[in-house]
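Participant: Here is what each chain is made of, one letter per residue.
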Amino acid sequence: MSAFRFTATPIDGTALRAELIDTHCGGFTCFEGWVRDHNEGQQVLHLEYEAFEALGVREGERIVREACEKYGVTRVLCVHRLGDLQLREIAVWVGVAAAHRDEAFKACRYIIDEVKHRVPIWKKEHYVSGDSGWVNCERCAAHSHDHDHDHGHSPGHAHDHDHSSHG
Amino acid sequence: MSAPLHGLVLAGGRSTRMGHDKAALQYAGRSQLERAFALLEPLVTRCFVSVRDDQRNDPLRARYPQVVDAAPGLEGPAAGIVSALRAHPQAAWVVVACDLPFLDAGTLQHLIARRDPTRLATAFRSSHDALPEPLCAIYEPAALAALEQFISGGRNCPRKFLIQSATLLLEQPTAEALDNVNTPAELDQARSRMSAPTVAPRALNVQYFALLREQAGRREEVVTTGAATPRELFAELASRHHFTLAPEHLKVAVNSEFTDWSRPLSAGDHVVFIPPVAGG
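Residue numbers (the numbering used here), protein chains in the order written: chain U, 170 to 336; chain Y, 31 to 310.
None of these hints come from the bench; they were simulated from the model.
On a predicted model such as this, the values are computed, not experimentally measured, just so you know.
All residues carry an ideal CB built from backbone N, CA and C; glycine is no exception.
Any given hint could turn out to be false.
Claimed, not checked - Residues of chain Y clear of chain U, computed beta-carbon distances all greater than 12 Å:
id : residue
1  : Ala68
2  : Asp88
3  : Asp146
4  : Ala172
5  : Thr204
6  : Glu206
7  : Arg223
8  : Arg243
What the hints assert, rightly or not - Label-pair restraints from in silico Cβ distances:
id : chain 1 : residue 1 : chain 2 : residue 2 : range
9  : Y       : Arg44     : U       : Ala184    : 34 to 42 Å
10 : Y       : Gln219    : U       : Arg270    : 37 to 45 Å
11 : U       : Asp253    : Y       : Ala265    : 27 to 35 Å
12 : Y       : His300    : U       : Arg231    : 48 to 56 Å
13 : Y       : Asn285    : U       : Trp203    : 33 to 41 Å
14 : Y       : Glu251    : U       : His193    : 49 to 57 Å
15 : Y       : Ser296    : U       : Asp253    : 33 to 41 Å
16 : U       : Arg231    : Y       : Asp88     : 22 to 30 Å
17 : U       : Glu188    : Y       : Asn285    : 28 to 36 Å
18 : Y       : Asp88     : U       : Glu235    : 54 to 62 Å
19 : Y       : Glu287    : U       : Phe274    : 27 to 35 Å
20 : Y       : Ala230    : U       : Gln211    : 43 to 51 Å
Starting from the given sequences, assemble the full structure and let the hints guide the process.
Facilitator: Printed below as a string of structure tokens:
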């Protein structure tokens with residue numbers, strides 16, 4: 170099964186962890202991204218995640234491969250949730266098992282950072298106020314209207330805003 | 031009696047600003063190199079492509095007679111020009127850069143008809159800055175000695191060489207004929223400036239996500255368009271659907287792989303414009 174996948178159903182971290190257990194490994198680390206109740210001064214009610222899955226799986230697998238090559242880890246899994254999510258639910262789960270803890274921590278950090286910047290996943294926040302908005306998109310759109318493009322975006326680069334609902 | 035005229039298409043550049051091989055860039059389904067060679071070949075006795083040693087077997091270049099750079103330590107077009115003059119010292123050379131998408135046969139015929147073989151070179155005066163254009167010019171056999179001396183002084187700018195040499199300067203019959211294309215932005219401008227539609231309309235499959243999906247009011251559509259590149263396609267769709275995101279905020283994928291905005295599009299391609307992502 171692919172080391173990067175999407176799921177439309179709630180993420181069960183215990184089950185995913187079981188997929189990585191390996192007698193060659195001396196340590197396991199995991200990152201869970203949770204749905205948080207606030208972002209940028211707005212009270213968040215629930216979230217919607219959408220992905221371009223065909224490209225998302227390819228890019229996610231590339232990230233996992235990079236982490237394996239960079240840090241020499243072998244047991245890696247990343248699962249990203251799609252659809253409608255409520256507060257406290259897990260949005261993304263990254264698990265890494267390795268011979269030693271150092272490479273496990275580093276690989277885990279690398280994967281979550283790269284996934285947030287590179288994988289075509291979009292998040293719509295629904296606020297208590299009744300408003301909603303696509304994270305990182307509305308601000309760019311506002312800037313487009315102001316003809317103010319000098320905040321570091323360029324084609325072919327990661328979108329660098331980081332207004333995540335967690336972590 | 032003037033020296034026989036050979037043709038040299040310069041295709042040894044490193045295309046650093048474009049980011050990929052300029053000789054292979056396509057207009058109307060033909061590479062720049064093919065186009066330049068086809069323009070020049072009928073006007074000269076023999077026609078060659080100038081290449082670096084490591085480009086000899088490149089499939090795009092391998093099918094043409096070549097002049098391989100043989101000027102160690104010398105970079106850029108001067109290396110190609112001096113290598114051609116050394117390889118065939120009895121010939122005069124019409125030197126043409128491959129990255130002149132607006133070059134036309136009329137301009138080349140004008141240059142050749144007004145050639146003065148008693149000078150070292152015949153060139154056009156740039157319609158932009160009035161300086162000589164070294165990469166659509168004729169170099170006479172006598173230019174070799176002068177060019178050897180010029181480069182032995184550590185210089186390699188062929189424009190400076192023409193400025194200080196006995197060069198006949200002509201006015202360009204068509205002002206934009208020598209506009210060159212060095213960056214992806216210039217390439218897009220050039221493609222959209224081409225007067226005739228470069229691509230016959232064909233069907234493309236466009237899929238939308240997130241904000242673009244909401245603004246387009248649909249998940250996907252089949253678009254019949256002559257847009258040559260994702261950049262042109264996005265411009266067309268943005269005006270139709272009133273997208274608020276500008277292309278500099280987006281990435282583009284064709285057939286489920288990231289690609290660049292200047293990539294040529296083909297019938298049936300699946301195109302996705304990717305808004306700023308927010309996973310995690």
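Participant: Each hint: holds or not?
Facilitator: How the hints compare with the structure:
1. Under the 12 Å C-beta cut-off, the non-interface status given to Ala68/Y relative to chain U holds; the minimum distance is some 32 Å.
2. The claim that Asp88/Y is not at the interface with chain U holds, since no C-beta of that chain comes within 12 Å of its own (minimum 25 Å).
3. Asp146/Y, annotated as away from the interface, keeps every beta carbon of chain U farther than 12 Å; the closest lies near 47 Å.
4. Residue-level check passed: Ala172/Y sits 47 Å from the nearest beta carbon of chain U, beyond 12 Å.
5. Against the 12 Å criterion, Thr204/Y stays outside the reach of chain U, whose nearest CB is about 32 Å from its own CB.
6. With a least CB separation of 26 Å from chain U, Glu206/Y remains clear of the 12 Å interface cut-off, as annotated.
7. At roughly 21 Å from the closest C-beta of chain U, the C-beta of Arg223/Y stays outside 12 Å, upholding its exclusion from the interface.
8. For Arg243/Y, the requirement that its beta carbon stay farther than 12 Å from each beta carbon of chain U is not met, with the minimum near 8 Å.
9. Hint check: Arg44/Y to Ala184/U, Cβ distance near 52 Å, so the stated range 34 to 42 Å is violated.
10. Look at Gln219/Y against Arg270/U: about 54 Å separates their beta carbons, and that is not inside 37 to 45 Å.
11. A hinted range of 27 to 35 Å holds for the C-beta pair Asp253/U and Ala265/Y, which are about 34 Å apart.
12. Here the CB-CB span from His300/Y to Arg231/U is close to 19 Å, at odds with the stated 48 to 56 Å.
13. Range check, Asn285/Y to Trp203/U: about 35 Å between beta-carbon atoms, so the 33 to 41 Å window is met.
14. Between Glu251/Y and His193/U the beta carbons are some 50 Å apart, a value that agrees with the proposed interval 49 to 57 Å.
15. About 37 Å separates the C-beta atoms of Ser296/Y and Asp253/U, a value consistent with the hinted range of 33 to 41 Å.
16. Remark: the range hint 22 to 30 Å for Arg231/U to Asp88/Y is upheld by a beta-carbon distance near 28 Å.
17. Remark: the range hint 28 to 36 Å for Glu188/U to Asn285/Y is upheld by a beta-carbon distance near 31 Å.
18. Evaluation of the 54 to 62 Å hint for Asp88/Y and Glu235/U yields a failure: the beta carbon distance comes to about 30 Å.
19. The supplied range of 27 to 35 Å is met by Glu287/Y and Phe274/U, whose beta-carbon atoms lie about 31 Å from each other.
20. For Ala230/Y paired with Gln211/U, a C-beta distance near 49 Å keeps the hint of 43 to 51 Å intact.
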